[in-house]
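J.: Sequences and hints are given; from them, build the entire structure.
Here is how the chains run, residue by residue.
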Amino acid sequence: MKRAAWLGVAVLLVAIAWHTDASPARLVRGLPWMWDFVRRMVPPNPAVLPAALAGAVGTIEIALLGTALAAALAIPLGFLSARNVAPPALYYVVRTALNFFRSIDTLVYALLFVAAVGLGPFPGMLAVVAYTTTSLAKLYSETIEGIEPGPVDAIRATGATPLQVLRFGVLPQVLPLFLSYVLYRFESNVRAATVLGFVGAGGIGLYLQTYLRMIDYPSASTVLLVTVVMVMVVDFVSARIRARLV
Amino acid sequence: MIEVRGLRVVLSPDTVALYGVDLAVEPGEFVVIIGRSGAGKTTFLRAINRLVEPTAGTVRVAGQLVTGADPSALRQIRRQIGMIFQQFNLVRRASVLENVLAGRLGYVPEWPSLAGRFPQRDRALARECLAQVGLAEFADRRADTLSGGEQQRVAIARALAQEPRVILGDEPTASLDPTLAGSIMGILARINQERRLTLVVSQHQLDTALEYGTRIVGFRAGRVVFDGPPAAVSPEVVQAIYGEEAA
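Those protein sequence lines, which keep their order, are chains A and B. In terms of my numbering, the first sequence opens at residue 1 and continues consecutively. In terms of my numbering, the second sequence opens at residue 247 and continues consecutively.
One or more hints might be untrue.
[Stated by the list, open to error] Partial pick of chain A residues on the chain B-facing surface, computed with a CB cut under 7 Å:
id, residue
1, Gly-150
2, Ile-155
3, Gln-164
[Claimed, not checked] Stretch by stretch, here's where chain A covers chain B in the computed footprint (C-beta under 8 Å, at least three residues):
id, segment
4, 356-365
5, 399-408
Treat the hints as calculated values from the structure; they're not laboratory data. Glycine is no exception: its CB is placed at the ideal position from the N, C-alpha and C atoms.
T.: Structure (structure tokens):
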């Protein structure tokens with residue numbers, strides 16, 4: 001039975017490889033071109049460093065403002081989609097809506113917002129808000145569903161109002177975890193925002209795409225290096241802060 | 247002070263926790279409830295302030311009807327009923343003082359409290375209650391840095407901060423070693439004597455129950471099977487409450 005299942009998976013993967021035309025030979029034939037690509041990127045062009053840094057700042061701005069707004073917007077949605085605190089009717093409506101919107105990726109939202117409000121960092125930021133709000137709401141609601149009921153009972157027993165119960169019984173239990181998730185989403189959003197420029201939604205991706213189109217590989221490699229360093233620095237700092245929270 | 251009539255609690259269609267309990271507690275009594283686990287002790291205590299919703303029957307505390315009270319009236323009654331729990335139920339990440347201040351939530355203005363602002367009078371009262379359980383200098387410590395016995399004393403201070411008419415205790419010493427259990431029961435006995443505060447506390451240790459209670463109530467399988475002074479708890483009574491034979 002178990003062996004049959006593994007065999008089935010193997011057959012499926014081979015079928016997919018055939019269907020998608022995946023072949024090691026093609027990869028090997030492409031290697032010289034890749035090598036040529038890398039060779040033409042060296043040395044990087046230092047002249048575009050100021051532009052690349054400006055792009056990096058733009059990307060971080062998009063991620064920072066977008067994540068911050070989403071972090072706040074997701075709080076009510078998180079409570080409304082948590083089984084143990086939301087009214088049942090609302091719980092199903094909000095949870096279904098969130099599942100629907102979360103299936104759309106940041107880049108797709110960026111395309112929609114560029115069409116709606118025009119080019120620049122603003123549609124990129126809106127795209128980050130749209131996706132991050134739904135994904136944080138999901139993480140928040142799972143955190144809320146996992147709280148200890150004891151302290152909540154104790155606060156209810158004091159004669160507290162429902163809002164006071166949330167503030168004093170629930171919030172202190174979930175807030176550090178919320179912050180940790182927000183930082184984690186910020187890290188992912190910096191990475192996601194690097195490609196937003198490809199669809200005209202601001203940030204460092206715009207520079208990368210422009211130089212690649214101009215076949216200016218040394219400048220593109222400067223942008224790429226700045227991107228790598230930026231993501232690594234953000235990940236490092238954010239991970240340090242998260243380690244202190246939980 | 248507490249008047250319970252025909253209290254029936256059905257937790258799920260096939261679990262009846264209490265089959266119509268009648269009990270009247272006079273002001274100043276220290277009632278200790280005993281019985282095997284699953285006898286209905288916890289459900290009884292939680293039904294008094296409606297943390298568990300009674301299925302039938304009435305509960306009155308200090309003359310006010312708890313059963314059927316609307317949410318706002320229920321909160322007015324709850325703030326007069328302090329409660330302590332087996333697991334202490336402090337908010338771990340909050341400071342000791344914040345935990346005690348929670349006892350004032352039923353009295354202070356709602357919106358400022360949500361921003362963490364409490365009137366000076368309530369802060370002073372919270373510190374006073376903390377001093378009464380001997381933990382004045384722990385006010386700014388995080389609650390989860392305290393030992394179990396200390397956490398339960400904070401929980402008692404939180405209950406005292408409610409300036410309650412009644413304190414309910416759901417197995418408050420079951421998570422503590424015997425020495426600490428004795429000291430917690432001692433603090434409760436002192437509160438009972440000094441403030442003439444009415445206490446209803448469940449206790450799984452029979453000897454502790456008999457040592458501290460002024461009145462013993464025995465539960466078995468959702469019914470009261472004994473009600474009397476500690477001196478009246480004979481071996482036959484113990485058998486009736488804890489015995490193995492079919493109830």
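J.: State for each hint whether it applies.
T.: Against the structure, the hints come out as follows:
A hinted interface residue such as Gly-150 of chain A counts as satisfied when its beta carbon comes closer than 7 Å to some beta carbon of chain B; here the least separation is about 4 Å, so the hint holds. Look at Ile-155 of chain A: its Cβ gets to within about 6 Å of chain B, closer than 7 Å, so that hint holds up. Interface hint status for Gln-164 of chain A: upheld, as the beta-carbon distance to the closest one in chain B is roughly 5 Å, under 7 Å. Counting residues of the segment 356-365 of chain B whose beta-carbon sits less than 8 Å from any beta-carbon of chain A gives 3, enough to reach three: the coverage restraint holds.
As drawn, the segment 399-408 of chain B meets chain A at 3 residues by the rule of a beta-carbon pair under 8 Å; at three or more, the given contact holds.
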